[in-house]
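**Q** Fit chain to chain and form the complex, with the hints in mind.
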Amino acid sequence: MRGRTKPVAQLVVGLVMVTMLLVAALAGPALAPYSEDHSEKVVVIQTTAGPTTLYAPQPPSGRHLLGTDRWGYDIFSLLLYGARYTVFAALGIALVRVLVGGALGLLFGMRSSANSSGRTSGPLGGIPAFIVIYFLMLGININSPLSASALAAIEGVLIVLLGIPAITATISLKTAKHRQSQHVLAAVALGAGRRRIATRHVLPLLREDLLLLFSGEVVLVLVLIGQLAVFDLFFGGTVQSFDPILLSSRTHEWASMIGASRTSIQANQWLVLGPLGAFLFAVLGFQMLAGGLERRVRAGYARYPMV
Amino acid sequence: MKRRLAVLGVVLLAILVLAAGPDVLHAHEGVLVFRPRAVVDDLVAYVRGLEDGASFTYGVWDNRSFLPGLGSRVLTSYLYMVAAGLLALVLGPLLGIWLTAGRHDRATDVVAAAGAVPDFILALLLQIGVVALYKSTGFRLAHVATIDSSRPAILLPLLVLTVVPTIYLLRSVSSRVYQVTSEQYILAAKARGLGRVRIYLTHVLPNVTRFLSADLPRVAGVILADFFIVDYLFNLHGITTLIFFYGMKGGYRYSLAVNGMLVAVALYLAVYLALRAFVALVESAAVRV
Chain A
1 MRGRTKPVAQ
11 LVVGLVMVTM
21 LLVAALAGPA
31 LAPYSEDHSE
41 KVVVIQTTAG
51 PTTLYAPQPP
61 SGRHLLGTDR
71 WGYDIFSLLL
81 YGARYTVFAA
91 LGIALVRVLV
101 GGALGLLFGM
111 RSSANSSGRT
121 SGPLGGIPAF
131 IVIYFLMLGI
141 NINSPLSASA
151 LAAIEGVLIV
161 LLGIPAITAT
171 ISLKTAKHRQ
181 SQHVLAAVAL
191 GAGRRRIATR
201 HVLPLLREDL
211 LLLFSGEVVL
221 VLVLIGQLAV
231 FDLFFGGTVQ
241 SFDPILLSSR
251 THEWASMIGA
261 SRTSIQANQW
271 LVLGPLGAFL
281 FAVLGFQMLA
291 GGLERRVRAG
301 YARYPMV
Chain B
1 MKRRLAVLGV
11 VLLAILVLAA
21 GPDVLHAHEG
31 VLVFRPRAVV
41 DDLVAYVRGL
51 EDGASFTYGV
61 WDNRSFLPGL
71 GSRVLTSYLY
81 MVAAGLLALV
91 LGPLLGIWLT
101 AGRHDRATDV
111 VAAAGAVPDF
121 ILALLLQIGV
131 VALYKSTGFR
141 LAHVATIDSS
151 RPAILLPLLV
161 LTVVPTIYLL
171 RSVSSRVYQV
181 TSEQYILAAK
191 ARGLGRVRIY
201 LTHVLPNVTR
211 FLSADLPRVA
221 GVILADFFIV
231 DYLFNLHGIT
241 TLIFFYGMKG
251 GYRYSLAVNG
261 MLVAVALYLA
271 VYLALRAFVA
281 LVESAAVRV
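The listed protein sequences derive, respectively, from chains A and B.
Just so you know, the first sequence maps onto residues 1 to 307 in this note's numbering.
Just so you know, the second sequence maps onto residues 1 to 289 in this note's numbering.
Only chain B is shown next, with the shape it has when bound in the complex (with noise of 0.2 Å):
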């Protein structure tokens, strides 16, 4: 516990120095500015600012509060990031065990291939395909962006989100399929006269399910870095455009960067929790079948 406040207060720290990075580095008017100090002040003016409440409004031109609208960015970027992983947590060891105990090298080649695609080229091919399909025949497959709250893009985000865990638990989990049947017992097994459905039943799968939950902060992690590019280009109206709210309006604003990247912190804790109570719970239901 005490470890875990540690970690978090590193964070928490490095969140707070990170932001000031635009304020600290800058060009004005044509000249470098480095100006260190901008730390100190930015942390002040965020302070003050939590008491009347202008740290918690879009600022520069718009003194709006982010607040009401809060909620429904959460919801909606936890929902999605949730549903990507229990995706990828279902379909990436499946696929892993069946690749690799099937020995389907050509579907594995293609696979590795496919992992290698950046999640944003794959979002903007999927984007640009769904529009020329529908200007060849007029069927619309899916959104290529978020409208409005009753017409959310969600298939294609959906897809994108899935691909990039799913694929790296499958390789997790394949090259834990491989070294596991490598071992002797698996030998000792089989010379026992022990068929091959079994031998992966209770030596195989045991060994290598254990492993799955020490992957899931790093599939948390994966989801969420995934989970800033598929907002952003899908307009998911995530949480996303609070952080990356520059390339929108114009004009920097430590407050709002800090507190989206303080959400962003809370939704990946709770996504990984999501996550491990989907695993915990598979597992005690295997335990008792």
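Chain A extracted, bound-state conformation (with noise of 0.2 Å):
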């Protein structure tokens, strides 16, 4: 079959760029080279011309792998330290938004009559999602009260919110047309309840579906997240110092890490070349075992172009 070894590579290089962001996100703190609040503004260090002092931030070396940022901190250090944030955030929105509106399309589905057409998101769907959250987040993200956790659990709840009516328009959508299929209408014929269809015949055929939606989606919410970090909105909290205003992230998460140091396109390129890096392997990552997951499922039952 042609192309059968290349989904398997696609999908093999996922899994170790997936399986490398989960150890950065479990033992990150642990393989740090330098603890999360080490601060280098100004080191003296000794070369073999003398003794030479070094200010923040450093470029890139053999002590500072990726360099420092303005205050002197370990650009790779904080990156490992806030890997948790955006590793396991993009998961877990992406999970429950997968679950909630997975269960709720099931059972819209089940109600809804065979024919109706799916009712897809409305016109509010047409709004950009990191709008709606922009704003609902701009009153409290900023040099906030609340802990870095509970912000986060916010921002990730109205991410979920966002995200649920249109799995759930999907899911609905895909259990309408398996009720219809040849076997769920003799196990309807030979008696069987709306909870059995549900969880015995519908369900096991929307498997494959939602393992495909929440490959997705864990995506969708990276991107998300980082848009609103474009917009200063930091996951887990924003940092605004005055005189100079300057923004730092309180989690280090990746994307949050980008938005703090957007600016230094023409200077100091190293301050966002680093969390870019680690952003986009992450975003790149969690595609290619997408990709590759869809292509294996979809290889089951192909159909092929006649010409």
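Read the hints as simulated data drawn from the structure, not as lab findings.
Glycine residues also receive a C-beta, built at the ideal position from the N, C-alpha and C atoms.
Among the hints, erroneous ones may be present.
What follows is a set of in silico ranges between Cβ atoms, one per label pair, in the way DEER data are often shown [said to hold, decoys possible]:
| id | chain 1 | residue 1 | chain 2 | residue 2 | range |
| --- | --- | --- | --- | --- | --- |
| 1 | B | Ser65 | A | Glu208 | 44 to 50 Å |
| 2 | B | Ala214 | A | Ser147 | 45 to 51 Å |
| 3 | B | Ala114 | A | Ala49 | 32 to 38 Å |
| 4 | A | Pro204 | B | Tyr178 | 24 to 30 Å |
| 5 | A | Trp71 | B | Arg3 | 52 to 58 Å |
| 6 | A | Arg200 | B | Leu13 | 38 to 44 Å |
| 7 | B | Gly138 | A | Leu65 | 38 to 44 Å |
| 8 | A | Leu161 | B | Leu13 | 16 to 22 Å |
| 9 | B | Ala132 | A | Thr47 | 26 to 32 Å |
| 10 | B | Tyr178 | A | Val188 | 32 to 38 Å |
| 11 | B | Tyr178 | A | Leu15 | 45 to 51 Å |
| 12 | B | Ala280 | A | Ser147 | 51 to 57 Å |
**A** In structure tokens form, the structure reads like this:
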């Protein structure tokens, strides 16, 4: 079969990347070369030419793999400390989205009449999600009295809520379609109740769809967190200092580290390059996994072009 | 028509309520304040401000009216969005058909990976790349941001704005082509001895383009959401800073956010109509041919 090896390759690469992300998220603080509060604003090091004074931000070097930020913190270490926020937020939020949206979709799909066309998310679905969350989080996210975990939880719940309608619509449509298949009609004729149909006949058919939805949602959630970070709303809270106005992230979540340093495109580019690379790695890793999974599942019952 | 008005009404209401968000829920001197009444207060103040003009100023410390600059902001935003939309409408379907019909699997993988790169990452990478190129060779490929009206950044923002809807259309068209070409009537046409090109022209294409118009609302929405990010990162002087004013100056202003979002809705409709007119034009030309 054509292309038999490629989907597997994509899946393997995706799995390896996601495994690395999980390791960084779980063991990040233990792997970090410097502690979270180790700062080198000014440091004197001994070189062959005698003592040299280094000022923050330091460019990437043997001492600091990705350089240090404006306050002298090691960027590579901060990324390892922030990994758990990026990785677990994306996974957790996507999981809740799919579980709640899937359950509601199954419920609606079982109740809707068989030929009702699927309900779309309506006109409000056209408003970009990051704008909705922006206005709800704006008042509380910057220099907030709330803890980082409270803010992360609030933003997480909002992202979950905004994603549910689309998933519910998709699953409800698929449920209604599966209810029309022969084996379900047979089960109905034999007297199976609605609950039994839902759990024993429709749900097993939905399992693959839910898995694919989940892997796709992880990427969507990451992008949404990133878009909010562009507009200075960092996951887990934004710290704003005045004179000069500088932003920093409480959690060192990767997108928020991009947001805090996004103006460093002309000078001190390493400030944004490290976080940018890490975030891109996460997005591409989850995307590869999603794409690989989708190909693998689709390959099972593919239709092939006739010409 | 009635349905469309109802949709517009719902969107309008959503904007009026949503913009009150920062006043309803905010932190004040270290305490979290939740005040649902702020929705009503904001709305009343906004309506009053419509009479005396207070709702058309930047507010907080700056009581300048934003109306004089509004025209150029709207026009700038419109031109970027329509240009990106037209490019996407030409490139997306062409690439989609070419990739699927030609079975360019490797190229399809590359496109899928490129489509996964979020807009703001692409924008930042391009900016950094252009700066790095300039530093190493002295060659200035493009402006990384708009400095003033005589030196606008065009190439990079347009590139980022075009990539996302192009890939969206490409995927949509490509999956449609895949679906259509696996239909039985294609096999029937093949059995009758029709050539590949003929089958594509008479059987595949008409069944694919029909769906293009249905995709247009999504395309316009994608472009608008993308434009906010691009406008912000490339400092294009479009409408985005009206909506996301807080980050620039500090202090939140309800009327500015509402006005900004209303303008955004109008722009969305204008962009959608322009794209639809383009598709209608191409279709009528195709019929004559």
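**Q** So, for every hint listed, does it hold in this structure?
**A** Hint check results:
no.	hint	result
1	B:Ser65 <-> A:Glu208: 44 to 50 Å	violated, 57 Å
2	B:Ala214 <-> A:Ser147: 45 to 51 Å	holds, 46 Å
3	B:Ala114 <-> A:Ala49: 32 to 38 Å	violated, 46 Å
4	A:Pro204 <-> B:Tyr178: 24 to 30 Å	holds, 27 Å
5	A:Trp71 <-> B:Arg3: 52 to 58 Å	holds, 55 Å
6	A:Arg200 <-> B:Leu13: 38 to 44 Å	holds, 43 Å
7	B:Gly138 <-> A:Leu65: 38 to 44 Å	violated, 30 Å
8	A:Leu161 <-> B:Leu13: 16 to 22 Å	holds, 18 Å
9	B:Ala132 <-> A:Thr47: 26 to 32 Å	holds, 27 Å
10	B:Tyr178 <-> A:Val188: 32 to 38 Å	holds, 33 Å
11	B:Tyr178 <-> A:Leu15: 45 to 51 Å	violated, 26 Å
12	B:Ala280 <-> A:Ser147: 51 to 57 Å	holds, 55 Å
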